[in-house]
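Dock chains B and C against the given chain A, drawing on the hints supplied.
These protein sequence lines map, in sequence, to chains A, B and C.
Just so you know, we're using the numbering used here here: the first sequence kicks off at 2 and counts up by one.
Just so you know, we're using the numbering used here here: the second sequence kicks off at 3 and counts up by one.
Just so you know, we're using the numbering used here here: the third sequence kicks off at 25 and counts up by one.
Accuracy of the hints is not assured; some may be wrong.
[What the hints assert, rightly or not] Some chain C residues flagged as far from chain A (calculated, every beta-carbon gap over 10 Å):
| no. | residue |
| --- | --- |
| 1 | S45 |
| 2 | I227 |
| 3 | E273 |
| 4 | N298 |
| 5 | I346 |
| 6 | S402 |
[Unchecked claim] Using 20 Å as the maximum straight-line C-alpha spacing, the simulated SDA-like pairs for lysine to any residue come out as follows:
| no. | chain 1 | residue 1 | chain 2 | residue 2 |
| --- | --- | --- | --- | --- |
| 7 | C | K122 | C | G314 |
| 8 | C | K264 | A | D52 |
| 9 | A | K132 | C | F56 |
| 10 | B | K27 | B | P73 |
| 11 | B | K95 | B | Q126 |
| 12 | C | K378 | C | K328 |
| 13 | B | K166 | B | N98 |
| 14 | C | K328 | C | I346 |
| 15 | A | K153 | B | G65 |
| 16 | C | K353 | A | V30 |
| 17 | C | K353 | A | P156 |
| 18 | B | K95 | A | P156 |
| 19 | A | K147 | C | G375 |
| 20 | A | K153 | B | G127 |
| 21 | A | K153 | B | G116 |
| 22 | A | K153 | B | Q126 |
| 23 | C | K378 | A | R152 |
| 24 | A | K50 | C | K328 |
| 25 | B | K95 | C | F56 |
| 26 | C | K378 | A | Y62 |
| 27 | B | K95 | C | G43 |
| 28 | C | K378 | A | Y149 |
| 29 | C | K343 | C | G314 |
| 30 | A | K147 | C | K264 |
| 31 | C | K210 | C | T158 |
[What the hints assert, rightly or not] Just the calculated beta-carbon pair ranges, DEER-fashion:
| no. | chain 1 | residue 1 | chain 2 | residue 2 | range |
| --- | --- | --- | --- | --- | --- |
| 32 | C | G375 | A | E141 | 30 to 38 Å |
| 33 | B | R163 | C | G396 | 46 to 54 Å |
| 34 | C | K58 | B | R74 | 20 to 28 Å |
| 35 | B | T23 | C | K58 | 52 to 60 Å |
| 36 | A | E161 | B | L158 | 22 to 30 Å |
Derived by calculation from the structure, the hints in this document are not laboratory data.
As the structure is a computational prediction, the values presented were derived from the model and not from experiment.
Ideal Cβ positions, reconstructed from N, Cα and C, are used throughout, including at glycine.
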Amino acid sequence: MGRLIDLCKQKLGGAVISAHEQHGDETVVIHKDAMLTALRWLRDDEATKFDFMMDLTAVDYFGTRPREERFEVVYHLFSLSHNHRLRVKMPVAESDPAVESAVTVWRAADWFEREVWDMYGIVFKGHPNMKRILLYEEFEGHPLRKDYNIRKRQPLIGPEN
Amino acid sequence: MGVTVEEKNLEAALGDSVILTQVDKVIGWGRKYSFFLYPFITACCGMEFMSAAASRYDLDRFGAALPRFSPRQADLLFVVGTISHKQAPILNKVYNQMAEPKWVFAFGACVCSGGMYNNYATVQGIDTILPVDVYVPGCPPRPEIVIDGLVKLQELVANERSSKWPRGKAQYEPRVKR
Amino acid sequence: MEDKNQLDLNTELMVLNMGPSHPATHGTVRFFLKLDGEKIVHMETEIGYLHRGFEKHCENGTWTQAFPYTDRLNYCSAPQNNVAYALAVEKLLGVTDKIPARAVYIRTIMCELARMADHYTNLAAGTLELGALTAFIYFVEARELTWDIIESVCGARLTSNYIRVGGLASDLPEGFAGHVKSVFAKNRVFWSEFDKLLTHNRIFLDRMRDTGAISREDAISFAFTGPCLRAAGVEYDVRKASPYLAYREVDFDIPVGTTGDNFDRYLVRMEEINQSMRIVEQCLSLLPSGPININDASVRNPSKEDGHTYMESMIFHFKNTIEGIQVPKGESYVPTEGTNGELGFYLVSQGGGKPWKCRVRPPCFALTQAMGHMCTGSYLADIIPTFDMINLIGGECDR
Numbered sequence: 002m003g004r005l006i007d008l009c010k011q012k013l014g015g016a017v018i019s020a021h022e023q024h025g026d027e028t029v030v031i032h033k034d035a036m037l038t039a040l041r042w043l044r045d046d047e048a049t050k051f052d053f054m055m056d057l058t059a060v061d062y063f064g065t066r067p068r069e070e071r072f073e074v075v076y077h078l079f080s081l082s083h084n085h086r087l088r089v090k091m092p093v094a095e096s097d098p099a100v101e102s103a104v105t106v107w108r109a110a111d112w113f114e115r116e117v118w119d120m121y122g123i124v125f126k127g128h129p130n131m132k133r134i135l136l137y138e139e140f141e142g143h144p145l146r147k148d149y150n151i152r153k154r155q156p157l158i159g160p161e162n
Numbered sequence: 003m004g005v006t007v008e009e010k011n012l013e014a015a016l017g018d019s020v021i022l023t024q025v026d027k028v029i030g031w032g033r034k035y036s037f038f039l040y041p042f043i044t045a046c047c048g049m050e051f052m053s054a055a056a057s058r059y060d061l062d063r064f065g066a067a068l069p070r071f072s073p074r075q076a077d078l079l080f081v082v083g084t085i086s087h088k089q090a091p092i093l094n095k096v097y098n099q100m101a102e103p104k105w106v107f108a109f110g111a112c113v114c115s116g117g118m119y120n121n122y123a124t125v126q127g128i129d130t131i132l133p134v135d136v137y138v139p140g141c142p143p144r145p146e147i148v149i150d151g152l153v154k155l156q157e158l159v160a161n162e163r164s165s166k167w168p169r170g171k172a173q174y175e176p177r178v179k180r
Numbered sequence: 025m026e027d028k029n030q031l032d033l034n035t036e037l038m039v040l041n042m043g044p045s046h047p048a049t050h051g052t053v054r055f056f057l058k059l060d061g062e063k064i065v066h067m068e069t070e071i072g073y074l075h076r077g078f079e080k081h082c083e084n085g086t087w088t089q090a091f092p093y094t095d096r097l098n099y100c101s102a103p104q105n106n107v108a109y110a111l112a113v114e115k116l117l118g119v120t121d122k123i124p125a126r127a128v129y130i131r132t133i134m135c136e137l138a139r140m141a142d143h144y145t146n147l148a149a150g151t152l153e154l155g156a157l158t159a160f161i162y163f164v165e166a167r168e169l170t171w172d173i174i175e176s177v178c179g180a181r182l183t184s185n186y187i188r189v190g191g192l193a194s195d196l197p198e199g200f201a202g203h204v205k206s207v208f209a210k211n212r213v214f215w216s217e218f219d220k221l222l223t224h225n226r227i228f229l230d231r232m233r234d235t236g237a238i239s240r241e242d243a244i245s246f247a248f249t250g251p252c253l254r255a256a257g258v259e260y261d262v263r264k265a266s267p268y269l270a271y272r273e274v275d276f277d278i279p280v281g282t283t284g285d286n287f288d289r290y291l292v293r294m295e296e297i298n299q300s301m302r303i304v305e306q307c308l309s310l311l312p313s314g315p316i317n318i319n320d321a322s323v324r325n326p327s328k329e330d331g332h333t334y335m336e337s338m339i340f341h342f343k344n345t346i347e348g349i350q351v352p353k354g355e356s357y358v359p360t361e362g363t364n365g366e367l368g369f370y371l372v373s374q375g376g377g378k379p380w381k382c383r384v385r386p387p388c389f390a391l392t393q394a395m396g397h398m399c400t401g402s403y404l405a406d407i408i409p410t411f412d413m414i415n416l417i418g419g420e421c422d423r
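If we strip away everything but chain A, and leave its shape as in the complex, we get (with noise of 0.2 Å):
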């Protein structure tokens, strides 16, 4: 196992669901409830110092998983002074998809956030401005959701095609 991913059980503890490393990349799985302090730690801790958020998403497992952990919000850090990566991952249920929003630990967060909720309707509680981004206030769903088919159309604002 990796250093990062020993370094996180040991602080984080109970917060970890899960760990694994694949192909170089270190990964931990951490309860979403835990995840701002744990996000905060990550930023902040002298050994981990993950002062990037490279990169915010979303995964949706619809068919493959339970639906108590149908998404997964992914996060990617780095740390400029350690030169390391780390995926942090927490699953959300379909019934109640909404975490923490870190746009307090990272300002980049922000329109990754509203990004996740434009996709795929997951909601970051505490964001300051919680709305579509890269699609209008109009249009009903999440697209890449996977029961949302890639064919369905909806002429709202636009032309009907």
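Then chains B and C, alone, in the frame of chain A:
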């Protein structure tokens, strides 16, 4: 300027001091070399539009060099790049703001038909929004084919009847009004 | 406001809508501005006008079918997107080390040529929007020359679709090195002309210097990468921090700015053009001969010749095309240095021939996000150079 044989003979009989033609033809001839284009650039095709407009391919040779960035001063709408549903009302507004006569140049596969993007977000061809005069396919089209399209448009404009104008507003009824 | 004479003036705020079809914003973006005179008090940015469902399309096609869509992310530097995606799939397949050296070098060359073309495009559009039409024409001609090389390799000027999982679509054409050499000689002349036209140009300096500046700390917290981060004084480049392709073997420098303003971003970009030329020249001198595709028919189709001669090769052709290459279950993230910054692909496979999730980390998404931060407090006219130097590419930002 496209004169018939009889007209030519008559001109010769009058000592070549008179030009006989039709008003439509004079106007068409004038219009075809003086396009003022409005580049509505959204995506990848814009890169090829830059090339077509710059020195190597030089749209200026065909009298269509000067981009006007106000639709009210333009008579040729270059729609360059994918039009999404979010973009559609804006394109429609730009078209309706242009003074007649006006022509529309569909630049690239996405504009013509939606191209590679057959999905929830993309308009499947701008002719669902407004009338198109020239379709130029390609993803993105090379500058040569753009020039070819422009020459085709010039032919079209030269042979146009003035009774075609005005064409009126675009037939576009969104379900949700903004 | 501090000026006593101005206190009596009626300073009602004006709300201004800039865009989405604005001549000085390449790509479509909309700014909602609150102005106090010409000063920006508040600014909001709206994007998404070019959202065309990249991820949804990738999830609905095979692994190979995603390549044309990656071309159209950052369309100014298509080969880089191809490479980043291919690297991520290869990482999932576990074949990263088995890619032939020649393919690795050719990929590096294509990436750097694309970087040059992208910088030329950015600077061309940027200078045009500041009113410098002459510089625009020079930059576009330099880009045309660079595109001629790319075209000779893959037949397309812009959307190359050249890289494949496990190799390349085709080998370099004959006389490639000579072609590159003659083009670079011209490009170097062009470079000194740009430099003369712009770097000491009084108008250009006034528009660029001290505008759109961002501090080192803010740049990091906004997840800036690429030239904009380096202009703010942070020496971070994925090519150096975690070398991929052949970047470990070649010698190049990373230009770093000090003030983080638009002028530093311009200087960083200009120097990167030079460094890219250096990298391409070194790669050409190191270029090994040999195969360009991995010797594994389940990853990369066997040659057409074999497909017509051997039964098994034909079956692989058929299966790879119809079912897609079979990628084991797992996930991978590969960071690469795109022209605008860190271009990462995060792929999730549930096994089988289609990606379950194909996420791209768009560098200019993070940069555009900070537009409000960089422009608030400055003048309306400063939006233009700042937005130019951010280099928003619609295809990448909105996907």
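Consistency of the hints with the structure:
1. For C/S45, the condition that its CB be more than 10 Å from all CB atoms of chain A holds, with the nearest at approximately 16 Å.
2. Listed as a non-interface residue, C/I227 keeps its Cβ farther than 10 Å from every Cβ of chain A; the least gap is roughly 33 Å.
3. With a closest Cβ-Cβ approach of about 20 Å to chain A, C/E273 is found to remain outside the 10 Å limit, as its non-interface label requires.
4. Against the 10 Å criterion, C/N298 stays outside the reach of chain A, whose nearest CB is about 25 Å from its own CB.
5. At roughly 20 Å, the least C-beta separation between C/I346 and chain A is larger than 10 Å, which holds for a residue marked as non-interface.
6. For C/S402, the condition that its CB be more than 10 Å from all CB atoms of chain A holds, with the nearest at approximately 19 Å.
7. Taking the CA atoms of C/K122 and C/G314, the gap is near 13 Å; set against the 20 Å cutoff, the hint holds.
8. With a CA separation close to 18 Å, the supplied pair C/K264 and A/D52 stays within the 20 Å bound.
9. The straight-line distance between the Cα atoms of A/K132 and C/F56 is roughly 16 Å, inside the 20 Å bound, and the hint therefore holds.
10. Under the criterion of a C-alpha separation no larger than 20 Å, the hint pairing B/K27 with B/P73 is inconsistent with the structure, at around 26 Å.
11. Restraint check for B/K95 and B/Q126: the C-alpha separation of about 18 Å stays at or below 20 Å, so the hint holds.
12. Among the hinted pairs, C/K378 with C/K328 is inconsistent with the structure: their alpha-carbon atoms are about 24 Å apart, more than 20 Å.
13. At most 20 Å may separate the alpha-carbon atoms for a hinted pair to count; B/K166 and B/N98 meet this at roughly 17 Å.
14. Pair hint C/K328 plus C/I346 holds up; C-alpha atoms about 16 Å apart against a cutoff of 20 Å.
15. With a C-alpha separation of about 43 Å, the suggested pairing of A/K153 with B/G65 is violated against the 20 Å cut-off.
16. Our distance criterion of 20 Å between C-alpha atoms is met by C/K353 and A/V30, whose separation comes to about 17 Å.
17. At roughly 37 Å between alpha-carbon atoms, C/K353 and A/P156 are farther apart than 20 Å, so this suggested pair is violated.
18. With a C-alpha separation of about 17 Å, the suggested pairing of B/K95 with A/P156 holds against the 20 Å cut-off.
19. A distance of roughly 16 Å separates the Cα atoms of A/K147 and C/G375; the hinted pair therefore holds under the 20 Å criterion.
20. Our distance criterion of 20 Å between C-alpha atoms is met by A/K153 and B/G127, whose separation comes to about 17 Å.
21. Restraint check for A/K153 and B/G116: the C-alpha separation of about 15 Å stays at or below 20 Å, so the hint holds.
22. Restraint check for A/K153 and B/Q126: satisfied, since their Cα atoms lie roughly 13 Å apart, inside the 20 Å limit.
23. The suggested pairing of C/K378 with A/R152 holds, with an alpha-carbon distance near 18 Å, which does not exceed 20 Å.
24. Of the supplied pair hints, the one linking A/K50 and C/K328 is violated, its CA atoms being roughly 51 Å apart against a limit of 20 Å.
25. Under the criterion of a C-alpha separation no larger than 20 Å, the hint pairing B/K95 with C/F56 is consistent with the structure, at around 19 Å.
26. For a cut-off of 20 Å, the pair hint linking C/K378 to A/Y62 stands: about 14 Å separates their Cα positions.
27. Of the supplied pair hints, the one linking B/K95 and C/G43 holds, its CA atoms being roughly 13 Å apart against a limit of 20 Å.
28. Pair hint C/K378 plus A/Y149 holds up; C-alpha atoms about 17 Å apart against a cutoff of 20 Å.
29. The straight-line distance between the Cα atoms of C/K343 and C/G314 is roughly 26 Å, outside the 20 Å bound, and the hint therefore fails.
30. Taking the CA atoms of A/K147 and C/K264, the gap is about 38 Å. The hint is violated against a cut of 20 Å.
31. At most 20 Å may separate the alpha-carbon atoms for a hinted pair to count; C/K210 and C/T158 meet this at roughly 17 Å.
32. Checking the proposed 30 to 38 Å range against C/G375 and A/E141 shows it holds: the Cβ atoms sit about 32 Å from each other.
33. Hint check: B/R163 to C/G396, Cβ distance near 52 Å, so the stated range 46 to 54 Å holds.
34. Against the hinted window of 20 to 28 Å, the Cβ-Cβ separation of C/K58 and B/R74 comes to about 27 Å, which satisfies the hint.
35. Checked against the given bound of 52 to 60 Å, the beta carbons of B/T23 and C/K58, roughly 57 Å apart, stay inside it.
36. For the pair A/E161 and B/L158, the supplied restraint of 22 to 30 Å holds, since their beta-carbon distance comes to about 28 Å.
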